[in-house]
Amino acid sequence: MHECILLDVPLKGDRDYLRLADLFPAIQGVAQGQFGPLAQVSSMMIRRPLRHAIEVSFQPAEGCSGSFRIRHGDESISGWLVETDQQISRRVPYDSSPISAAAVSGPDFARILTPIPGFAPLDILVSLAKIVGAQLSTRSWWLCQLNLDTPFTERFPLEVRVLHWIGGRFTVLNILQGDTVIGTCRAILDGTTK
Amino acid sequence: MAPVSTAELRELIARVDTVADLKKLTDTTRFRDAGADSLDFYNLIVAIEEEFGITIDDSDLEEVNTLEKLAKYLNERLA
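Each protein sequence line maps, in turn, to chains A and B.
Numbered by our numbering, the letters in the first sequence go through residues 1 to 194 in order.
Numbered by our numbering, the letters in the second sequence go through residues 1 to 79 in order.
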């Protein structure tokens with residue numbers, strides 16, 4: 001049980017790498033497939049852009065590209081992401097410009113007031129994090145970590161707000177749905193955690 | 001308040017899902033030399049700021065690169 005599971009995740013738009021937001025729904029699917037419909041991915045971390053197909057392992061994996069935790073009742077289950085040498089064969093169109101166009105932003109925050117058809121809350125979160133990140137630095141941001149106290153819902157507004165800004169290179173953003181903080185996401189500059 | 005110990009900091013870094021080899025991380029080993037990457041280090045700084053209610057100045061980050069130096073720094077700041 002729980003051997004490595006190869007994820008079928010397409011590249012989005014013109015990107016040549018997978019983002020945390022691309023992988024999260026697939027891992028959520030694995031969590032519910034393995035542990036039942038109430039299992040939720042409570043945290044996820046990616047240490048570099050991922051350019052090949054990803055396997056999920058529930059055994060510690062040396063040199064892994066990332067890790068995650070699943071909350072299942074009182075249990076917390078750890079998993080690891082392993083980048084294989086398999087090419088990613090699928091690609092789907094993606095254009096986040098409707099999110100940017102609908103976003104409201106100010107010092108240290110960005111929010112979307114109402115749902116945007118065709119975009120999951122996590123896609124919106126990534127765009128909001130980019131908007132706030134651009135206020136801190138115009139260099140390239142990498143969303144490397146997501147910690148959820150409670151699962152995403154369809155509640156709006158969805159907002160991100162700067163909680164920490166460290167070393168001129170790393171930021172922690174609170175994620176709010178409605179008026180409630182549901183977790184944090186973390187982003188680092190220049191796409192590497194080295 | 002009791003002084004911050006390196007053992008306490010070791011527990012904090014273990015909590016941030018580090019890729020560092022904690023067996024190699026002695027009090028005087030640089031985080032990087034034990035395999036920690038910058039995400040581990042920044043997550044440790046966030047955990048410390050939240051645990052102790054302080055802000056570590058960006059200009060001090062390069063200096064606090066071992067458990068021992070970090071504990072010393074925190075104890076001076078919290079004194």
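Hints are computed from structural coordinates only; laboratory data are not their basis.
Treat the hints with care, as some may be off.
Okay, derived cross-link-like pairs now, DMTMM-like style, lysine to aspartate or glutamate, Cα gap no bigger than 20 Å in a straight line [to be verified]: (1) B/LYS24 to A/ASP123; (2) B/LYS24 to B/GLU50; (3) B/LYS23 to A/ASP190.
Partial list, computed: chain B residues near chain A (C-beta under 8 Å) [as the list claims (entries may be wrong)]: (4) ASP33; (5) ASP37; (6) ILE54; (7) ASP60; (8) ASN65.
If you want the ones that stay clear, here's a sample from chain A, every Cβ over 12 Å from chain B, calculated [what the hints assert, rightly or not]: (9) TYR17; (10) ARG47; (11) GLU62; (12) GLY63; (13) SER78; (14) THR84; (15) SER96; (16) VAL104; (17) GLY168; (18) ARG186; (19) LEU189.
Glycine residues also receive a C-beta, built at the ideal position from the N, C-alpha and C atoms.
* **Cut-off 8 Å, beta-carbon criterion: hint that B/ASN65 touches chain A** => B/ASN65 check fails; min Cβ-Cβ to chain A is 12 Å, beyond 8 Å.
* Asked: Does the alpha-carbon distance linking B/LYS23 and A/ASP190 stay inside the 20 Å limit?
  -> violated, 30 Å
* To do: Would you settle whether the hint for B/ASP37 is holds or violated, based on the nearest Cβ-Cβ distance to chain A being less than 8 Å?
  => With a minimum Cβ separation of about 4 Å from chain A (threshold 8 Å), the hint on B/ASP37 holds.
* Quick one: work out the minimum CB distance from A/VAL104 to chain B and report holds if it exceeds 12 Å, violated otherwise. => holds, 27 Å
* Interface exclusion of A/GLU62 relative to chain B, criterion Cβ beyond 12 Å -> It is violated; A/GLU62 is separated from chain B by about 9 Å at its closest Cβ, not greater than 12 Å.
* Asked: Far enough from chain B: is every CB of that chain over 12 Å from the CB of A/LEU189?
  -> violated, 10 Å
* Asked: Would you say A/SER96 is clear of chain B, with no C-beta pair closer than or equal to 12 Å?
  -> holds, 24 Å
* Quick one, is the B/ILE54 hint okay against chain A at 8 Å, beta carbons? -> Violated: closest Cβ of chain A sits about 12 Å from B/ILE54, beyond 8 Å.
* Asked: Does the structure keep B/LYS24 and A/ASP123 at a Cα separation of 20 Å or less?
  -> Violated, at about 39 Å.
* Asked: Quick one, is the B/ASP60 hint okay against chain A at 8 Å, beta carbons?
  -> With Cβ-Cβ at 10 Å, over 8 Å, it is violated.
* Non-interface label on A/THR84, tested against every C-beta of chain B at 12 Å -> Check passes; 19 Å lies beyond 12 Å.
* **When the least beta-carbon distance from B/ASP33 to chain A is tested against 8 Å, hint result** => Not OK, violated: B/ASP33 not within 8 Å of chain A, min 14 Å.
Going down the numbered hints, you'll see the structure goes against 1, 2, 3, 4, 6, 7, 8, 10, 11, 12, 13, 17, 18 and 19, while the others check out.
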